[in-house]
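A.B. asks: Let's have the full structure, built from the sequences with the hints guiding it.
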Amino acid sequence: MSRALLIQLARLGDLVQSLPALTALQTAYPERPLDLLCPSPLVALGELFPCVDRVFPWNGEQWHEFATTKMTDCDQQLARATRYLADCAYPPYALAYNLNNHPRGILAAHVLSGLVVGPGEYGPLNQTLPAWAGYLRRIARDRGSNRVHLADAFCGLCQVSPPLDVPYLQAQEVSLPFELELPVNGEPSTLIGIVLGAGDADRRVPLSVWQDLIAACAEHIPQCYLLLVGGAGEREAALALEHRLPAKYLNRVVNGCGRTSLPQLVALLNRCQWVVGSDTGPLHLGAMCGARAIGWYFSQARVHETGPYGIGHYVWQRTGAKLRESLDVRDVSAAGSSSAYWPVMETVNLMQEGTVNPTTDGWDLWTSNRDEWGAFYTRDGIPDEAVLRRKDTWEALSQLANQGIRMEVSK
Amino acid sequence: MDVLKQNIGILRDQDPILAAQILQVPGGTLSIQPAKSGMPTALVDSRYLHSAYDPVREAKRWAEERVKECQAEETLVLLGVGLLYHVQALRQMLPHDQVIMVVVPDLSEFADCVSVRALEGWGEGVIWLTGSMADMAVQVTQEAKRVRVLSYEPAATVHRETYEHFRLQLREHLAQHLSGALHIMVVGPIYGGSLPIARYVVNALEGLGHRVSWVDHSPHYAGYQNLETIRDHRLRLTVQQRMSEMLAVISLAHVAEDPPDLVLALSQAPLTMAVLEQMRRKKVLTAMWFVENFRHLTYWQQMVTGYDFWFVMQQAACLDAFRKAGAKHVSYLPLAADPAIHQPVAFTAKEGQEFGADVSFLGAGYRNRRHILPSLVGHEWTFKLWGNEWDNPGALAPVLQRGGARIDTSTSVKIFNATSVNINLHSYTGDGFDPEGDGVNPRTFELASCGAFQVVDTRTLLPALFDESMMAVINNPDQLLPTVQTYLHEPARRAAMAELSRKRVLEAHTYGHRMKTFLGAVGMASPDRLGSILQGDRHAESLVARSGQTPELIPMLKQFPQTDRVELVDVAKSIRNKGPEARLNREELLILMMDEYRQEKRDFL
Numbered sequence: 000m001s002r003a004l005l006i007q008l009a010r011l012g013d014l015v016q017s018l019p020a021l022t023a024l025q026t027a028y029p030e031r032p033l034d035l036l037c038p039s040p041l042v043a044l045g046e047l048f049p050c051v052d053r054v055f056p057w058n059g060e061q062w063h064e065f066a067t068t069k070m071t072d073c074d075q076q077l078a079r080a081t082r083y084l085a086d087c088a089y090p091p092y093a094l095a096y097n098l099n100n101h102p103r104g105i106l107a108a109h110v111l112s113g114l115v116v117g118p119g120e121y122g123p124l125n126q127t128l129p130a131w132a133g134y135l136r137r138i139a140r141d142r143g144s145n146r147v148h149l150a151d152a153f154c155g156l157c158q159v160s161p162p163l164d165v166p167y168l169q170a171q172e173v174s175l176p177f178e179l180e181l182p183v184n185g186e187p188s189t190l191i192g193i194v195l196g197a198g199d200a201d202r203r204v205p206l207s208v209w210q211d212l213i214a215a216c217a218e219h220i221p222q223c224y225l226l227l228v229g230g231a232g233e234r235e236a237a238l239a240l241e242h243r244l245p246a247k248y249l250n251r252v253v254n255g256c257g258r259t260s261l262p263q264l265v266a267l268l269n270r271c272q273w274v275v276g277s278d279t280g281p282l283h284l285g286a287m288c289g290a291r292a293i294g295w296y297f298s299q300a301r302v303h304e305t306g307p308y309g310i311g312h313y314v315w316q317r318t319g320a321k322l323r324e325s326l327d328v329r330d331v332s333a334a335g336s337s338s339a340y341w342p343v344m345e346t347v348n349l350m351q352e353g354t355v356n357p358t359t360d361g362w363d364l365w366t367s368n369r370d371e372w373g374a375f376y377t378r379d380g381i382p383d384e385a386v387l388r389r390k391d392t393w394e395a396l397s398q399l400a401n402q403g404i405r406m407e408v409s410k
Numbered sequence: 000m001d002v003l004k005q006n007i008g009i010l011r012d013q014d015p016i017l018a019a020q021i022l023q024v025p026g027g028t029l030s031i032q033p034a035k036s037g038m039p040t041a042l043v044d045s046r047y048l049h050s051a052y053d054p055v056r057e058a059k060r061w062a063e064e065r066v067k068e069c070q071a072e073e074t075l076v077l078l079g080v081g082l083l084y085h086v087q088a089l090r091q092m093l094p095h096d097q098v099i100m101v102v103v104p105d106l107s108e109f110a111d112c113v114s115v116r117a118l119e120g121w122g123e124g125v126i127w128l129t130g131s132m133a134d135m136a137v138q139v140t141q142e143a144k145r146v147r148v149l150s151y152e153p154a155a156t157v158h159r160e161t162y163e164h165f166r167l168q169l170r171e172h173l174a175q176h177l178s179g180a181l182h183i184m185v186v187g188p189i190y191g192g193s194l195p196i197a198r199y200v201v202n203a204l205e206g207l208g209h210r211v212s213w214v215d216h217s218p219h220y221a222g223y224q225n226l227e228t229i230r231d232h233r234l235r236l237t238v239q240q241r242m243s244e245m246l247a248v249i250s251l252a253h254v255a256e257d258p259p260d261l262v263l264a265l266s267q268a269p270l271t272m273a274v275l276e277q278m279r280r281k282k283v284l285t286a287m288w289f290v291e292n293f294r295h296l297t298y299w300q301q302m303v304t305g306y307d308f309w310f311v312m313q314q315a316a317c318l319d320a321f322r323k324a325g326a327k328h329v330s331y332l333p334l335a336a337d338p339a340i341h342q343p344v345a346f347t348a349k350e351g352q353e354f355g356a357d358v359s360f361l362g363a364g365y366r367n368r369r370h371i372l373p374s375l376v377g378h379e380w381t382f383k384l385w386g387n388e389w390d391n392p393g394a395l396a397p398v399l400q401r402g403g404a405r406i407d408t409s410t411s412v413k414i415f416n417a418t419s420v421n422i423n424l425h426s427y428t429g430d431g432f433d434p435e436g437d438g439v440n441p442r443t444f445e446l447a448s449c450g451a452f453q454v455v456d457t458r459t460l461l462p463a464l465f466d467e468s469m470m471a472v473i474n475n476p477d478q479l480l481p482t483v484q485t486y487l488h489e490p491a492r493r494a495a496m497a498e499l500s501r502k503r504v505l506e507a508h509t510y511g512h513r514m515k516t517f518l519g520a521v522g523m524a525s526p527d528r529l530g531s532i533l534q535g536d537r538h539a540e541s542l543v544a545r546s547g548q549t550p551e552l553i554p555m556l557k558q559f560p561q562t563d564r565v566e567l568v569d570v571a572k573s574i575r576n577k578g579p580e581a582r583l584n585r586e587e588l589l590i591l592m593m594d595e596y597r598q599e600k601r602d603f604l
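In the order they appear, the protein sequences are chains A and B.
Using numbering that gives the first Met the number 0, the letters of the first sequence correspond one by one to residues 0 to 410.
Using numbering that gives the first Met the number 0, the letters of the second sequence correspond one by one to residues 0 to 604.
In short, the hints are calculated from the structure, not lab data.
Do not take every clue at face value.
Here are some, though not all, of the chain B residues that point toward chain A, as calculated from beta-carbon distances under 7 Å [unchecked claim]:
1) 549
2) 553
3) 593
4) 597
Here the structure is a predicted model, which means the values were calculated and not measured.
Glycine is no exception: its CB is placed at the ideal position from the N, C-alpha and C atoms.
C.D. replies: Spelled out as C-alpha cells, the structure:
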C-alpha cells in the first residue's frame with residue numbers, strides 16, 4: 000500500500016490548524032496510510048492525532064549543525080546529511096502534501112516523495128504557487144474580506160474539502176505532576192485555561208490584564224480554577240503573575256507553565272471548560288481539545304483566518320485605528336497597561352453565558368460557526384456576504400488546481 | 000640479540016647516516032631506571048620524562064587523547080623523545096599509512112633511548128627527523144601537506160627552546176606554501192594606534208588573496224568621544240563600557256551575516272568575552288594581534304581565554320605570562336610596515352619647509368620622552384617635535400609643532416622623509432629607557448620603510464629584526480645627543496643605513512610577511528580547519544579528488560575553476576542557477592536544504 004505524508008514544519012499553532020486537513024485526507028483516502036512530518040519538539044503532539052499513522056520528526060537543529068559546521072568540506076557535509084537521512088528511515092512515499100510555503104518544506108517534500116502537492120508542486124525551484132497557496136499569499140499581503148479559515152485553506156491545499164466533523168484531540172492515559180493533578184481532577188469545578196505567552200512579542204497580553212481577568216473570574220465564577228498555560232518561556236511570567244495576585248486568589252490559580260509535556264498539556268486542556276488567550280498555539284490546541292475558546296485578537300491576528308476552529312468559540316477582535324494607537328507593542332508589553340482597553344468583564348460574562356454587548360470600546364465580538372465549506376465567524380449569527388462567497392472561492396480555486404497532480408493524487 | 004644492535008639495523012634501513020651517528024654519540028643524557036612495572040623509565044635533571052610506575056599505560060592514555068584530534072591525511076609531527084613510549088603507542092593506534100615524524104633535537108638522548116627500547120614492530124613506521132631545525136622544517140613541508148604538531152610535554156620540556164625554534168621554522172615554511180584563500184574578518188578598534196595597523200592588515204590579507212571583511216569601528220569614534228561631555232567620571236566609564244559592548248554585538252551581527260573562517264581582532268577592538276564565547280559556540284575561530292606592551296596595557300588578562308589564538312609583539316616573559324594566564328596558543332609576531340604607505344616620498348618646497356628639520360621626534364608625550372628630549376633643544380640645528388599628549392611641554396614648548404595636534408599617517412610619512420635624523424624613543428612611564436624594553440614599536444619599521452634614517456633606543460628584540468648597519472642604536476639617554484651630532488654631519492652614511500633598513504623591511508618586515516606568518520601559525524594549530532583550507536583542500540580540484548563518498552557531487556564540483564575555493568553556498572548557488580524547470584536529484588536537494596539552514600541567523604545574537 001502506498002503511503003502519503005503531510006509536511007507541517009511550522010509552529011504549534013500551524014500544526015494544530017493542520018489537524019482538519021489530516022482528518023479530511025484520512026476520510027477521503029481511508030485505505031492509504033497517512034504519516035506526518037513535523038518539528039521534533041511537536042512529535043509527541045502529532046502522535047495524538049487520530050488520523051495519522053506514523054509521525055516523523057524534522058530536526059531543524061541537526062540540519063543547521065550540518066550546514067554550519069566549519070570543520071567539514073561540502074562533500075563531507077553532504078555525506079553526513081545523506082547518512083542522517085538514511086538513519087531517519089523514512090518509508091517511501093507516493094506523495095507528500097506540503098503545507099509550508101518556504102524552501103525547507105518544499106525541499107523536504109521533494110527529498111521524501113516524487114510527487115508533491117502544495118507549495119513546490121511544480122518543482123523544487125519553481126516559484127509558481129498552486130492556486131490555494133497563491134490565495135493564501137494574497138490574503139497575507141492584501142488582507143481583504145477573506146472568510147476562508149486557514150485550517151480549511153490547508154484542506155484546499157491538499158485538494159480535499161474540509162472535514163464533516165470538527166476533529167477532536169483526546170489525551171491518552173497520562174499522569175500529571177502532583178501539583179496539577181489535585182486542582183484539575185479534584186472537586187467538580189470550572190477549569191479555565193489562561194494562555195499566558197505568545198511566540199511573537201506583539202501578541203502578548205500584559206500581565207496586569209491577566210491579573211484583572213483572574214481576579215474577575217475568581218470573584219464572579221463560582222468554584223473556578225485558573226490554569227496558567229505556557230511553556231518554559233512563560234515560567235518567569237507566570238511566577239511574576241502569581242507574585243502580583245492578591246493572596247486570596249492564589250489558591251484558585253494552577254501554574255502549569257513549563258511543567259507539562261505536550262500530552263500532559265492536552266490532558267489538562269481536555270479538562271478545561273474554557274481557554275482564553277491571544278492568537279497562539281495553545282489557544283488553538285485548547286479549542287481542538289474540546290474547551291471553548293475566547294480569543295483576544297489584536298496586532299496582526301485576524302479572526303476570519305485564524306480564529307479558534309470549531310463551534311462555540313468566541314473572538315474579541317480589536318478594531319479600527321485605535322488598535323495601533325493604544326495597543327502597539329510598547330503598550331501591550333508594558334506591565335502597567337490599563338485593563339480598560341481589554342474586554343475583561345465581557346469575557347467573564349461570556350463564560351457565565353450572560354448578556355454581552357458585542358461591540359465594546361474598540362473590540363468586536365465574533366462567534367464561531369461551521370458549514371460544508373469550513374469554519375467561519377459571524378457577529379450576530381447571520382453569515383454576511385463575504386461568508387457566503389466562500390463557496391465561490393472554493394469552486395474557483397478547485398478548478399484552478401493542477402489537474403495532472405489531481406489525477407495522480409486520486410490514483 | 001642486543002637491543003641497540005637490533006635498533007641500529009632498523010635505523011640503517013631507514014636512514015644509514017642517522018644509524019652511523021647514533022653509534023658515534025656518547026649518550027648519557029637520560030638517566031634510565033626501572034619503573035614499578037619493570038619497564039625502563041627515564042629522568043633528566045631528576046625529572047621523570049615518563050611514569051615511574053607504568054610508562055606504557057601512561058603513554059597509551061596520552062595517545063588515546065591525541066588520536067581523537069587526528070584526522071586522516073594528516074602528517075603527525077611529534078615533539079618530545081624520551082624513551083618513545085608515546086610514539087610507540089600512537090603508532091600502534093593509528094592506521095599504517097598515517098605518517099608520523101619525530102623531531103629528534105638531541106642525538107645523545109635518542110642514542111640512550113635506542114639502547115634500551117626496542118623499535119621492532121613500530122619504529123619502522125616512524126620517520127626520524129634530525130639536523131638543524133630549519134632542515135627539519137623543510138623536510139616536513141616537503142613531505143607533508145597537512146601537518147599536525149603533537150607535543151609530549153614531559154619530554155619536550157627538556158628541549159623547550161629548540162622546539163619553539165622548530166615551530167617557528169615550520170610555521171614560516173608552511174606559510175610559504177599556502178595556496179587556499181580564507182574569509183577573514185578583521186575587527187579594528189574605535190581609535191588609537193592599532194587602528195592604522197588594522198588597515199594595513201586588511202590591505203595585506205587582501206594582497207595575499209584572502210577575502211577580507213573589515214569591521215571598522217572608527218566611524219563610531221565621534222559618538223564615543225562625545226561621551227566626554229558626561230562629567231561624572233564613573234558614569235562616563237559605565238556609558239563608555241556599554242557603548243563598547245554594543246559595538247561588540249555589532250561585530251557579532253557582521254559575523255552572523257557572513258560567517259568568516261577566522262576573526263582577527265586588533266588590540267582595543269571592542270569584543271567582549273560574551274561575544275567571543277558566542278563566536279566560539281558558533282565555531283568561529285578568533286585571533287587577537289595584541290600590538291601593545293603587555294606590561295603597560297593589562298586588559299588582556301581578562302580576555303586571554305576568549306580568543307583561540309594570541310599574537311604578541313614581545314617574547315619570553317610575554318609568552319610566559321599569556322600561557323600562565325590561560326592562552327591556548329600564543330605566538331610572537333612583531334610589527335611591520337606597509338611599503339605602499341610607508342615609502343620614500345617627494346614633497347614640495349612648502350612641505351619641505353613645514354615638515355623638514357635636521358632632527359625630529361614624532362610621538363605622544365610619555366614621561367621618558369619629556370625627560371630625554373629637552374637635551375635636543377637649543378642647538379645650532381633645527382629640532383621639531385610632533386604628536387599629541389604634550390600638555391605642559393615645558394622646555395619643549397618652542398619646538399612643539401601644530402600645538403600638539405594628533406598627526407595622521409600621511410603627514411607622518413612626510414615628516415619622516417623630510418627629516419635628516421629621526422629620533423625613535425620607545426614609550427616608557429619612567430625617566431630613562433625602559434629597562435625591560437623588548438618589543439619593537441611600529442615607528443621603527445615605518446621609518447625604515449620610508450628609507451628614513453633613525454636613532455633608536457635599544458630593545459632586546461631589535462637585533463633579530465634590524466642590525467646596526469641599518470640604524471643608530473643607543474643604549475642610554477646620554478648617548479642621544481652625541482649620536483645625533485655625529486650623524487648630522489654624515490649624510491652619506493645616513494643615506495646608506497636608511498637604504499639598508501628599507502631593503503630589510505621589503506625583504507622581511509611588511510604586513511604581508513606578518514600575515515603569512517600569522518596564517519602559517521593558525522593553519523599549523525588548526526590543521527583540520529584553517530590549515531586544510533589554507534593548503535587548498537577546498538579547491539574544486541581537491542574536492543573532486545576526495546569525493547569518494549559522494550560521487551554525485553563531482554559533476555557539480557567540475558563546474559568550478561579548479562583552484563576556486565568551493566563551499567556549500569557556492570554549490571547551492573550553482574544548483575539554483577539551473578532554473579525553475581530543473582529536476583533535481585536527491586543530493587542537490589540536500590545541498591539546497593543545508594544551504595537554507597546555513598542562512599539561519601536567529602540564534603546568533
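A.B. asks: Are the hints correct? Go through all of them and say.
C.D. replies: Evaluated hints:
Below 7 Å, beta-carbon pairs count as interface contacts, and residue 549 of chain B has one with chain A at about 5 Å; its hint therefore holds. With a cut of 7 Å, the hint placing residue 553 of chain B at the interface with chain A is violated, because the nearest CB-to-CB distance is about 9 Å. Taking 7 Å as the C-beta cut-off, the interface hint given for residue 593 of chain B holds, the closest approach to chain A being about 4 Å. For the restraint placing residue 597 of chain B at the interface with chain A, the shortest Cβ-Cβ distance is roughly 4 Å, inside the 7 Å limit, so the hint holds.
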